[in-house]
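J.: Here is what each chain is made of, one letter per residue.
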Amino acid sequence: MYVIVAGGGKVGANVARSLLRIGQEVTLIEQRRDRFERLEEEFEHQVQRGDATELFVLERAGITRPPDILLALTGDDEDNMVICQIAKEKYLVPKVIARVNDPRNQAHFDLLGISPTICATASIMALVEHEVPEHDLIHLLELRKENLEIVEVQIDKDSPVAGKRVEALSLPEGSRLISVMRNGAAEIAVGATTLQAGDQVLAILEPGKEDELRRVLLNR
Amino acid sequence: MKALVIGCGRVGSTIALNLHAEDWDVTVVDEKEDALSRLGQNWPGAFVVGHGMDTDLLREAGIEDADAVVVCTDGDNTNIVIGQVAQKRFDIGCVVVRLLDPARAAFYASRGMRIVNPTSTAINELMQTVRSCDVPRVEVL
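Chains as they are written, first to last, in our numbering: chain F, 1 to 220; chain R, 1 to 141.
Please note that a few of the clues may not be correct.
[Claimed, not checked] Derived SDA-like pairs (lysine to any residue); straight-line CA-CA distance at most 20 Å: (1) K88/R - R144/F; (2) K88/R - E64/R; (3) K90/F - L100/R; (4) K90/F - G112/R; (5) K2/R - R114/R; (6) K90/F - M113/R; (7) K90/F - D110/F; (8) K88/R - D110/F; (9) K88/F - A103/R; (10) K88/R - S115/F; (11) K90/F - A103/R; (12) K145/F - R89/R; (13) K32/R - N42/R; (14) K88/F - F107/R; (15) K88/R - A107/F; (16) K145/F - K88/R; (17) K88/F - A109/R.
The hints are simulated quantities; they were obtained by calculation from the structure and are not laboratory data.
Modelling step: build the complete structure from the supplied sequences, incorporating the hints.
T.: So this is what it looks like as structure tokens:
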């Protein structure tokens with residue numbers, strides 16, 4: 001597999017190193033001279049110096065082959081967006097993955113159809129939210145393309161659904177319960193599954209239906 | 001007619017002043033408050049300090065009622081993104097984007113953006129001027 005990595009900072013260099021270790025062909029692109037010189041000692045001909053938003057730099061790195069994957073991992077969101085657009089639409093790279101530095105720019109990546117994206121801040125926040133107990137509904141996964149999301153809900157003793165079977169619930173349209181975690185073991189939620197206080201339930205739903213789901217499961 | 005000018009450097013500030021002189025209602029956006037001084041002592045239009053990538057700031061600057069958006073910050077990639085946000089998210093019919101790199105300018109122009117590329121304009125002008133000089137031709141034998 002051939003991979004172009006744009007951006008040779010901590011993220012880009014480590015990804016490039018990991019890819020090489022598993023035997024993939026990699027070209028890393030770094031603009032800054034000081035960084036490039038340090039990287040060149042390690043990556044030799046596999047790192048090139050230049051601005052990865054310049055077409056000739058991408059072409060020199062072999063984007064016309066095209067690579068199987070392009071990773072836009074620079075520290076600048078505008079650069080990452082432009083690199084991905086050019087790679088996808090001009091050079092028909094089949095898969096691009098972009099790093100989002102400022103989570104406020106996520107909407108711009110979505111608007112420009114750049115997916116998948118990875119944002120360290122958003123991932124950390126999701127993990128922190130997971131630890132906040134009073135948070136009724138925890139967002140676990142957003143499936144942007146499908147317009148669905150997976151959330152976790154903790155059923156407590158005051159919940160109106162504790163003791164009820166899944167088939168008896170009137171869940172919001174476009175939502176389903178996936179699984180129930182009880183005493184450390186998970187089982188797939190079926191019609192006959194009876195919910196109990198303390199259950200951690202995974203549900204899949206359309207974004208925007210969270211309040212309805214919360215009302216049904218927790219009456220809050 | 002309402003215009004938003006994003007980036008108040010040499011180009012943006014002059015465009016803002018010219019549009020104002022042509023009776024446009026102009027709002028200028030720039031990251032630096034100092035840039036306001038480029039608009040002269042009594043700039044009668046609005047001036048908003050902030051980054052053009054910030055959607056809330058664009059709303060505050062009135063992008064939703066803008067008839068035209070001119071994007072000319074000093075970063076090509078920033079301009080490309082802001083231009084597309086104005087076009088796609090806010091559905092502005094007239095979005096004009098300044099890009100210095102001819103290669104990116106050609107690509108985004110082919111995708112339907114209104115791009116102005118001063119570099120290729122300068123190249124053409126320079127070539128024409130050189131050609132117009134009265135230099136005696138050397139006969140090649």
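J.: All the hints need checking, so say for each whether the structure fits it.
T.: Cross-check of the supplied hints:
With a C-alpha separation of about 18 Å, the suggested pairing of K88/R with R144/F holds against the 20 Å cut-off. Taking the CA atoms of K88/R and E64/R, the gap is about 12 Å. The hint holds against a cut of 20 Å. For the suggested pair K90/F and L100/R, the alpha carbons sit about 19 Å apart, so the restraint of at most 20 Å is met. Our distance criterion of 20 Å between C-alpha atoms is met by K90/F and G112/R, whose separation comes to about 14 Å.
Only pairs whose Cα atoms come within 20 Å are accepted, and K2/R paired with R114/R is accepted, the gap being roughly 18 Å. As the CA atoms of K90/F and M113/R are separated by approximately 15 Å, the hinted pair is consistent with the 20 Å bound. With a C-alpha separation of about 19 Å, the suggested pair K90/F and D110/F falls inside the 20 Å cut-off, and the hint holds. Among the hinted pairs, K88/R with D110/F is consistent with the structure: their alpha-carbon atoms are about 11 Å apart, no more than 20 Å.
Straight-line distance between C-alpha atoms of K88/F and A103/R comes to about 16 Å, which keeps the hinted pair within the 20 Å bound. Distance restraint check for K88/R and S115/F: the Cα-Cα separation of roughly 17 Å lies within the 20 Å cut-off, and the hinted pair is therefore satisfied. Our distance criterion of 20 Å between C-alpha atoms is met by K90/F and A103/R, whose separation comes to about 11 Å. About 18 Å separates the Cα atoms of K145/F and R89/R, which keeps this hinted pair within 20 Å; it holds.
Restraint check for K32/R and N42/R: satisfied, since their Cα atoms lie roughly 18 Å apart, inside the 20 Å limit. This hinted pair checks out: K88/F and F107/R have alpha carbons roughly 12 Å apart, not beyond 20 Å. Our distance criterion of 20 Å between C-alpha atoms is met by K88/R and A107/F, whose separation comes to about 12 Å. Using a Cα cut-off of 20 Å, the hinted pair K145/F and K88/R holds, with the two alpha carbons roughly 18 Å apart.
A C-alpha spacing of about 16 Å is found between K88/F and A109/R, which places the hinted pair at or below 20 Å, so the restraint holds.
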